[in-house]
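Novice: Since the structure of chain Z is already known, use the hints to place chain U with the ligands on it.
Each chain, letter by letter, is given below.
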Amino acid sequence: MRLKDKIKNLLKQEKRDKKLTDEELLEKQKKFEEEAIPHMQFLYNFAYRMTGNEEDAKDLVQETYMKAFRFWEQYEPGTNIKAWLFKIMKNSYINKYRKAAKEPGKVDYEEVKNFYETVRDESFETSDLQEHIFENIFEDEVIEALNKLPDEFRTVVILADIEGQSYEEIADFLDIPIGTVRSRLHRGRKMLRKELFEFAKKKGYIKGKPKDYEIDDPEKD
Amino acid sequence: MDCRQTREFLSALVDNEMIDSQIKQKVEEHINRCATCKNEFELEKKTKQTIQAKVKILPVPNELINSVLNQVKTLQNGHPAYLNTAQNLKPMSKPWLEIAFPLGVVLTTLLLAILLVSVYEKKVNQKELIAKEVSGLINHFDSISQGLSKPEILSNDPTHVRNEILSRASFTPIFLDIPEFEIVGASIKDPHLHSGNAKCVNLIYRKGEKLIFIHQAPMSYASMHDDVKKRILKGEWIYDAIKDESFAIWGTSDLICCAISNLSKEELEKILKQSK
Ligand SMILES: [Zn+2]
Ligand SMILES: [Zn+2]
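Taken in order, these protein sequences are the chains called Z and U.
Here the first sequence is numbered in the working numbering, starting from 1 and rising by one per residue.
Here the second sequence is numbered in the working numbering, starting from 1001 and rising by one per residue.
Pulled out of the complex, with its shape left as it was, chain Z reads as follows (with noise of 0.2 Å):
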């Protein structure tokens, strides 16, 4: 597919790069194949979670090894190859899936500056609703409510909650704060609590609205 014709691309451009020796080039792969290589769950996972689906995150993780491969020489051993990889891929996301009307790259604030507006001061659970919110929950609802999050968020939910990376690995792969970290992951989770809310009350275990059930909170979150 496209990828065959990027290896052809590939190829050509190997050609006119500078003659490594054959011991340089073995050591080349082999060096690439023990610190690259064992990160493919980890990428392969966000893939999936991001397209949602395997023919795509297939695709997505062998041109980040493919593209990986080929700029070898600007990784710097000893720094961070897990963030190296990671950031490699999220361009390669982005550059395909992006809205065609956005910036590559940038959120586009005003979409999540609503959604956020939508979630925020709605502590629409009181206690004794949230069993019923997080009961009969299915893996397909969950997967279904991450989806509707605008990528910033679902991004550092599905690092720090399906991936189980660290606030500062993170903070490192997404190349922002740990504080940005801490806040986009409190909304993320929010948001998609609301979602999943949403598919509570569709199976009738709630009724009503969202602000039915809020708790007069105006200053809050």
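The hints are simulated quantities; they were obtained by calculation from the structure and are not laboratory data.
Virtual Cβ for every residue (Gly too), placed ideally from N, Cα, C.
Incorrect hints may have been included.
As the list claims (entries may be wrong) - Below, a sample of chain U positions facing chain Z; criterion: calculated Cβ distance under 8 Å:
1. M1001
2. Q1005
3. F1009
4. E1044
5. I1057
6. L1058
7. Q1076
8. K1210
Specialist: Just chain U with the ligands now, with coordinates in the frame of chain Z:
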């Protein structure tokens, strides 16, 4: 510390992430006297637990690992300096192909597959016709013909392949008799549907270095252009669905079938007509 400030640290508290111990103390104090923030904290914890419990880490598909490793080798082998050192060229590991096909065939198939794939892609883009289905199928053909993934069923005994398929598939597929071709394997892996129980069946026919995949699925699961569907239901065998030399699609009221091969359009059409 007020509610707003507290909320900024709730996630860190949920995740047991390091925060300044003074801040942590203040956050905890606030939570202990503010019912709303406490509720918020509990809910966030519960949300995290729900995500963790429901969404599991997936294993990396074997064919992905293999194909990445093979691509790295391909890139490496493509380097002119490297090509000259024969002792470093290890054959790709694809044990299943060595069972079914002589080595020479593999290389030919690989080249053909690359050619076919780029042709397909162009056509698919042009017509946007059953695009997702076809590209998934071609991926599958591609990875099998390159030895990157192994069909679940593989045997020199066509009867064995038939029996295996019949016992594993969720529907009864059609076994075409293709003159001079033999069924050497099959896979039930679904290359393009991501939900439901629909299992596609791919029968692999071989004659020398010629490969034909017959892909079948229940009609109700196939998504396709209405025009194409109408033609299929009329009993037509369509060879121009993606205007390619080696893709054909037809069906019955129950089943949708496609053929993908490394033959020319004329040859595939001729062979399939003899096969009916
Ligand atoms: Zn409070
Ligand atoms: Zn199918």
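Novice: Would you settle whether the hint for U/F1009 is holds or violated, based on the nearest Cβ-Cβ distance to chain Z being less than 8 Å?
Specialist: holds, 7 Å
Novice: Do the numbers back the hint for U/K1210, that is, is its least Cβ distance to chain Z under 8 Å?
Specialist: Cβ of U/K1210 sits 21 Å from chain Z, so the hint is violated.
Novice: At a threshold of 8 Å, is the proposed contact between U/Q1005 and chain Z supported by beta-carbon distances?
Specialist: With a minimum Cβ separation of about 11 Å from chain Z (threshold 8 Å), the hint on U/Q1005 is violated.
Novice: Is the interface hint for U/L1058 satisfied, with its Cβ closer than 8 Å to some Cβ of chain Z?
Specialist: holds, 6 Å
Novice: Measuring from the C-beta of U/Q1076 to each C-beta in chain Z, is the shortest one below 8 Å?
Specialist: Holds - the Cβ of U/Q1076 comes within 8 Å of chain Z, reaching about 5 Å at its closest.
Novice: Under the criterion of a CB-CB separation shorter than 8 Å, is U/M1001 in contact with chain Z as hinted?
Specialist: At about 13 Å, which exceeds the 8 Å cut-off, the nearest Cβ of chain Z leaves the hint on U/M1001 violated.
Novice: Against chain Z, is U/E1044 within 8 Å by beta-carbon distance?
Specialist: Interface hint status for U/E1044: holds (5 Å vs cutoff 8 Å).
Novice: Restraint: U/I1057 near chain Z, CB-CB cut 8 Å. Satisfied or not?
Specialist: With a minimum Cβ separation of about 6 Å from chain Z (threshold 8 Å), the hint on U/I1057 holds.
Violated hints for the displayed structure, listed by number in ascending order: 1, 2, 8.
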